[in-house]
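J.: Sequence order for the protein chains is A and B. Counting with the working numbering, you get residues 13 to 268 for the letters of the first sequence. Counting with the working numbering, you get residues 377 to 699 for the letters of the second sequence.
These are computed hints drawn from the structure, not numbers from a lab. In this text, a Cβ means the ideal position worked out from N, Cα and C, and glycines have one as well. Do not take every clue at face value.
Here are the in silico distance ranges between beta carbons for each label pair [what the hints assert, rightly or not]:
{"hint": "1", "chain 1": "A", "residue 1": "P103", "chain 2": "B", "residue 2": "M666", "range": "21 to 29 Å"}
{"hint": "2", "chain 1": "B", "residue 1": "E566", "chain 2": "A", "residue 2": "R134", "range": "26 to 34 Å"}
{"hint": "3", "chain 1": "A", "residue 1": "Q204", "chain 2": "B", "residue 2": "M392", "range": "41 to 49 Å"}
{"hint": "4", "chain 1": "B", "residue 1": "V389", "chain 2": "A", "residue 2": "R129", "range": "46 to 54 Å"}
{"hint": "5", "chain 1": "B", "residue 1": "I394", "chain 2": "A", "residue 2": "E135", "range": "37 to 45 Å"}
{"hint": "6", "chain 1": "B", "residue 1": "F668", "chain 2": "A", "residue 2": "I77", "range": "49 to 57 Å"}
So these bits of chain B aren't anywhere near chain A, every CB distance computed over 10 Å [what the hints assert, rightly or not]:
{"hint": "7", "residue": "S523"}
{"hint": "8", "residue": "L550"}
{"hint": "9", "residue": "I555"}
{"hint": "10", "residue": "V560"}
{"hint": "11", "residue": "G573"}
{"hint": "12", "residue": "L582"}
{"hint": "13", "residue": "F658"}
{"hint": "14", "residue": "F668"}
{"hint": "15", "residue": "P670"}
A short, non-exhaustive set of chain B residues, derived as facing chain A with CB atoms under 10 Å [stated by the list, open to error]:
{"hint": "16", "residue": "D405"}
{"hint": "17", "residue": "Q529"}
{"hint": "18", "residue": "D531"}
{"hint": "19", "residue": "I545"}
{"hint": "20", "residue": "R554"}
{"hint": "21", "residue": "A568"}
{"hint": "22", "residue": "R669"}
{"hint": "23", "residue": "W674"}
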Amino acid sequence: MSLLTVNQLKLQFGGLIAVNDLSFTVEKNSISSIIGPNGAGKTSVFNMITGFYRPTSGAIELDGISLVNRKPSQITTLGMARTFQNLRLFPNLTVLDNVKSGMHCRTKQTVWGALLRTKSQREEERLIEEVALECIDFVGIRKYTKRAAKNLPYGAQRYLEIARALATRPKLLLLDEPAAGLNYEEKQYLIQLIRRIRDEYNITVLMIEHDMGLIKQISEQITVIDYGCKIAEGSPEEVLNNEKVIEAYLGKEDVI
Amino acid sequence: MKKYKKPSLFLLVICMFILPFLLNSYWLDVLTLVLFYVVLTQGLNIVVGYTGLLDLGYAAFFAVGAYTTAILMTTFHWSFWLTLPVAFLFAAIAGVIIGTPTLRLRSDYLAIVTLGFGEIVKILATNLEITGSASGIYGIPRPAIGSYIMASQKDFYFLILIVAIISIIAVYRLGHSRIGRAWVYIREDEDAAEAMGINRIKLKLLSYATGAVIGSFAGSIFAVKMSAIAPLSFSFLQSVMILLAVVLGGLGSIPGVVIGAALVIILPELLRGVEDWRYLIFGVSLVIMMIFRPQGIWPTKNNTEDVDDIETEDPNQSISISK
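In isolation and in its complexed conformation, chain A is listed as follows:
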């Protein structure tokens, strides 16, 4: 069964068509990827799915609920979390406070609760901390819990962003180039982490990635886009041997 359905999605900035007639689905409990050369429109697709861009036309559905014309915060509340291509942490806050942000949409204390320190407010605060610590443990950055996010090593910042997204308790996790800037060991760790997210939390993962090695190892379903259009889809073997894909990445062989 598909969790995310994207149908005939189009995004136009003035005369430039960034994404054109794109359709794909993401199966529940799968690890899927969107790949494509630089500027192909991958991040634009992510931004439309998460509500940061409004599509010119087309439909996006999460678990049967339409996401078009919703605010990013509403979409997160419906069960979708994302990370950003260029880290978007809360730099001056601790790792713990960063991850606590994810629980905002799962809790509901108001100003009154906070002012009066009601019992339910204190219980909710305890729950927020508990979930945040669990997510921090899960990605393996427990020793940095009280450090400011900006003072973390780069790899740990990437894992922190994933922990923060997990704290929103999503059904679908969108990772925008999670391996960018990571070294070999960190990439291996990331692969394990993504698998554990799917296996232990039953969260469906959709990612954009450039690292073909990484994609071949964990992706079950790949959608390839170029110039905003889908040019291929299927399993890693199918896609990576596809002529159109090779052409998009390496260019066409000139016949002299």
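Given chain A, work out where chain B should sit, using these hints.
T.: Just chain B now, with coordinates in the frame of chain A:
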């Protein structure tokens, strides 16, 4: 250090309650003004410090509180205590009104709109009949508790002291709740906050409204203390002085802005001896302060550990040291 925090705070509060019996009426008046500024800076701290929205028209909310109380007490003969909830309501509405057009604006543009709003409120107060035009409203009755009528300097000192304590506790508690954290997330990175499921429009408006309510609280008490109010008390300069206290003390830091409020009021008083040079020295000291301590006198720590602390705690490292 943390162990002594509660007892020392308790001691400070007791001192504040004893102080009026030791001071002459001049310094008691100065201290009362400091406490007004403590309330105002705490309110502005929510908007500027927590949420990171620059507000150059904050005195407008001070005015909304003062005028609401003054009008209800003089024209409609309400009891002072009953005017408070109405003042809060009007201030919250004013907060939402100023908040709505600024939602899409950032930094400098935001500052200009809030500045304009502050001026609009002042000009309205100067020209409307109900607010007594330029001469303002006078003869505001004294508030009463039962049959006791609050009239002395000390009465108002204690009243504003209690309100200052309430507002400090309120701002502290809000800061340590999901609402307060959401404000800080918006300050740190608006888009990331939105992506984490935080409705930035709702929370920004809530921030304006909450800050406005605290500002109006100070305004209501100001009206009954002075027993006369005029538009001049709510000028742009007033907004700037409140903002100055917040920035000087340390954005988002509760003890910081309390110190900032005290400095902004007491320093010019201490400099009275040098007469004409007073504001020059005050200005120069502010410039020096901002150059050498741009983060404020008592900045927030956000509970972060210093990086060095962690390195020494790292088990691998301590093993290599013991070898």
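J.: Hint by hint, note whether the structure agrees.
T.: To see whether the hints hold, each was checked on the structure:
{"no.": "1", "hint": "A:P103 - B:M666: 21 to 29 Å", "result": "holds (22 Å)"}
{"no.": "2", "hint": "B:E566 - A:R134: 26 to 34 Å", "result": "holds (29 Å)"}
{"no.": "3", "hint": "A:Q204 - B:M392: 41 to 49 Å", "result": "violated (57 Å)"}
{"no.": "4", "hint": "B:V389 - A:R129: 46 to 54 Å", "result": "violated (19 Å)"}
{"no.": "5", "hint": "B:I394 - A:E135: 37 to 45 Å", "result": "holds (39 Å)"}
{"no.": "6", "hint": "B:F668 - A:I77: 49 to 57 Å", "result": "holds (55 Å)"}
{"no.": "7", "hint": "S523", "result": "holds (31 Å)"}
{"no.": "8", "hint": "L550", "result": "violated (5 Å)"}
{"no.": "9", "hint": "I555", "result": "violated (6 Å)"}
{"no.": "10", "hint": "V560", "result": "violated (7 Å)"}
{"no.": "11", "hint": "G573", "result": "violated (3 Å)"}
{"no.": "12", "hint": "L582", "result": "violated (7 Å)"}
{"no.": "13", "hint": "F658", "result": "holds (30 Å)"}
{"no.": "14", "hint": "F668", "result": "holds (21 Å)"}
{"no.": "15", "hint": "P670", "result": "holds (14 Å)"}
{"no.": "16", "hint": "D405", "result": "violated (31 Å)"}
{"no.": "17", "hint": "Q529", "result": "violated (30 Å)"}
{"no.": "18", "hint": "D531", "result": "violated (26 Å)"}
{"no.": "19", "hint": "I545", "result": "holds (8 Å)"}
{"no.": "20", "hint": "R554", "result": "holds (6 Å)"}
{"no.": "21", "hint": "A568", "result": "holds (4 Å)"}
{"no.": "22", "hint": "R669", "result": "violated (17 Å)"}
{"no.": "23", "hint": "W674", "result": "violated (16 Å)"}
Comparing the model with each numbered hint stated earlier shows that hints 3, 4, 8, 9, 10, 11, 12, 16, 17, 18, 22 and 23 do not hold.
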